[in-house]
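Student: Start from the sequences, fold in the hints, and give me the full structure.
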Amino acid sequence: MTPALGMFLLFVLITLAITYWAARKSQSAAAFFTASRRITGWQNGVAVAGDYMSAASFLGIAGLIAFFGYDGFMFSVGWLVAYLTVLLVVAEPLRNAGKYTMADVLAYRLNPRPVRAMAALSTITVSTFYMIAQMVGAGALVTLLLGSSHVSYELAVIGVGVLMIIYVVFGGMLATTWVQIIKAILLMAGTILLSLLVLAHFGWSLANFFDAVTRVTYHEKGILVTRNFLEPGLRYTAANHGALDLISLGMALVFGTAGLPHVLVRFYTVPDAKTARVSVVWAMVLIGSFYIMTTFLGFGAATIVGRDKIAISGGNNMSAPLLAQALAGDIFFAFIAAIAFATILAVVAGLTISASTSFAHDFYTAVIHKGTERRPGEEVRVARITAFVVGAVAIGIAILLGKDANVAFLVALAFAVAASANLPVIVFSLFWKRFNTTGAVLGLVTGLVASLALIVVSPSIMKVDPPGIVGAARHLIQRPPIFPLENPGILSIPLGFLGAILGTFLSREPRAEARFAELSVRANTGLGAEKAALE
Amino acid sequence: MAADAPKIPEDPTPIVGAATDIAPLSHAGPKPPHERTADEEAGSIDWESLAACEQFRNLLKAKRRFIVPAMIFFVVYYFALPVLIGYARPFMEKRVFGPVNLAYLFALSQFFMAWTIAALYVRAAARFDRMAEDVVSRSDSSR
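Residue numbers (my numbering), protein chains in the order written: chain A, 1 to 535; chain B, 1 to 143.
Treat the hints loosely; a few may be bogus.
Said to hold, decoys possible - Below, simulated DSS-like cross-link-like pairs (lysine-lysine); rule was C-alpha separation at most 30 Å, straight line: (1) 221(A) to 94(B); (2) 94(B) to 531(A); (3) 274(A) to 61(B); (4) 531(A) to 370(A); (5) 25(A) to 274(A); (6) 63(B) to 433(A).
Said to hold, decoys possible - If you want the ones that stay clear, here's a sample from chain B, every Cβ over 10 Å from chain A, calculated: (7) 54; (8) 65; (9) 127.
Claimed, not checked - To list a few chain A residues with every Cβ distance to chain B over 10 Å, as calculated: (10) 13; (11) 24; (12) 31; (13) 192; (14) 233; (15) 277; (16) 330; (17) 364; (18) 432; (19) 453; (20) 466; (21) 528.
Hint data in this document are derived by calculation from the structure and do not stem from the laboratory.
We put the beta carbon where it would ideally sit given N, CA and C, even for glycine.
Tutor: Below you can see the structure in the form of structure tokens.
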């Protein structure tokens, strides 16, 4: 058994023990969906950060910086700034006026059945896309990380899937939260250690470090080149509409984070809106420090390991683990690899619980059974079954796609859908009195369809590959892209808002307008908000 | 047996004689305020008049006065980064501290901008909390 496998098994054992402890406390609906709303501010803040710092951030961004320098660092910035929208606009009103899901707030003054049905569809779409990207990533990673212990891609995907199903089905929100917390602490510890090692490597001198960053050498198409990695333009060039693509990505991040279902459900796990605010601030401190440290991870990998070596030992996603290996040997490599795996596991669990809560609460109970549980505990039972099904489907799709599938765009898609479909309707239902059911449904449909359609005709799916690229790595449609940008946000977000506005003016709904006063008082004062459950 | 189902005891309050201040022991009729459960309380709040009261309007105004400028500021500040990088690259590549250029410093400043706005908001929100408490206490006293 390799050290990486051993450390990973240790993490699994600890989290399974937590799940066993949480399972006995997760019987009622409030306990299962919201951990009885008794998570404290800092705990939830760490869990939000854990939910958010996925493998895409830890491995992906470190890799992007190692390969494209400054342009990779541009990614880091948007992820933190996005939390200002969460803090200023959605976290507190959502906690005050909702119960289990984002749709609770939308359905407050609108016609619940169509609105909840659409909101559930968009929630499940966002979560599933995000999850498939994580699962494929997990499988590919594990085969690389644990290469010497003969863990195949399929086995890795099944392992991740089964564990996440266990966490969610038995432990509910309480177990999911603690898995996130442990993982976030491990991830921060690993990142701080790596950053310190990078600094030590350069004699604790920032000047030496940045000097090295301005002179990174690697082979490009067989020629040895030296580039200043602090200068923009290595990835986003004028020729491929680089500036517009960066703006589009920025829009998807800044407006999408506040519409990500797995982030939003976290605010229902705290006792009140004030604690929700505290938890966003905690999350911002952690997320910000983490993304600043990607400077050391990414540039460190570029200077110490080098682009050439990373390219032949697993590709840019392996930058952070390879940096660890170069600086402190195999045991530290194993530690970072185990953290990466824990990261994926925790994020997938968070996604699963938000998808299954939305299905059980919004679709099964509210849409099919018109808002009443036929038997006590039915909602929780449905959510458990859904978690099982969602997990099984994600395992199946991830295995079908295979480890070489080009899935990075699925995360971009999740953010774009959240920004274009979810955010406009959340904002309008909270702040615009005239807003109505037609507007909500049209806004959700337009945002969802526009982001999906634009992704399909973007270079993520539509591109002519050079000969030699075969199998799952090939682009699905071998034609020049119709939409030139990788991220659809710049067009799909305005379309989502436009759909919601247009729909609203198509009809009038006196009941929705009459209940605006109530929603506004509730959202702003917390009067009548759901209380934390007693032990 | 169905016939032996427990009988609901009769209301023992005397129905003859002087009127008393004891509430009749039954489940009919509206409950006096002090007997209401939290759920029933929530249903009895007059949202319209709360939404119209001065304290609440002041709360909304105070929130808007902070949140709207803060949103505009951070959105402009954030999108200035990709716009400047896209369309003013030579300017952004100017070196400021040794090898460190303006592009990197501006990107780094975004983190501190976000933390500063968050800190300012937390301070302002303490004031919003007090104002919200005023509104809530008004809803208690109006019953």
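Student: Does each hint fit the structure? Answer for all of them.
Tutor: Structure-based check of each hint:
1. 221(A) to 94(B): holds (29 Å)
2. 94(B) to 531(A): Outside the cut-off at roughly 54 Å; violated.
3. 274(A) to 61(B): holds (19 Å)
4. 531(A) to 370(A): holds (24 Å)
5. 25(A) to 274(A): Measuring from Cα to Cα gives roughly 25 Å; hence the hint holds.
6. 63(B) to 433(A): holds (17 Å)
7. 54: holds (14 Å)
8. 65: holds (13 Å)
9. 127: Its Cβ never comes within 10 Å of chain A, the nearest being 13 Å, so this holds.
10. 13: holds (36 Å)
11. 24: The claim holds: residue 24(A) sits with its nearest Cβ about 27 Å from chain B, beyond 10 Å.
12. 31: About 19 Å separates residue 31(A) from the closest Cβ of chain B, which puts it past 10 Å; holds.
13. 192: holds (16 Å)
14. 233: violated (7 Å)
15. 277: violated (6 Å)
16. 330: Given that every Cβ of chain B is farther than 10 Å from that of residue 330(A), nearest at about 33 Å, it holds.
17. 364: holds (24 Å)
18. 432: holds (14 Å)
19. 453: holds (24 Å)
20. 466: It holds; residue 466(A) is separated from chain B by about 27 Å at its closest Cβ, greater than 10 Å.
21. 528: violated (4 Å)
Checked against the numbered hints listed earlier, the structure breaks hints 2, 14, 15, 21; every other hint is satisfied.
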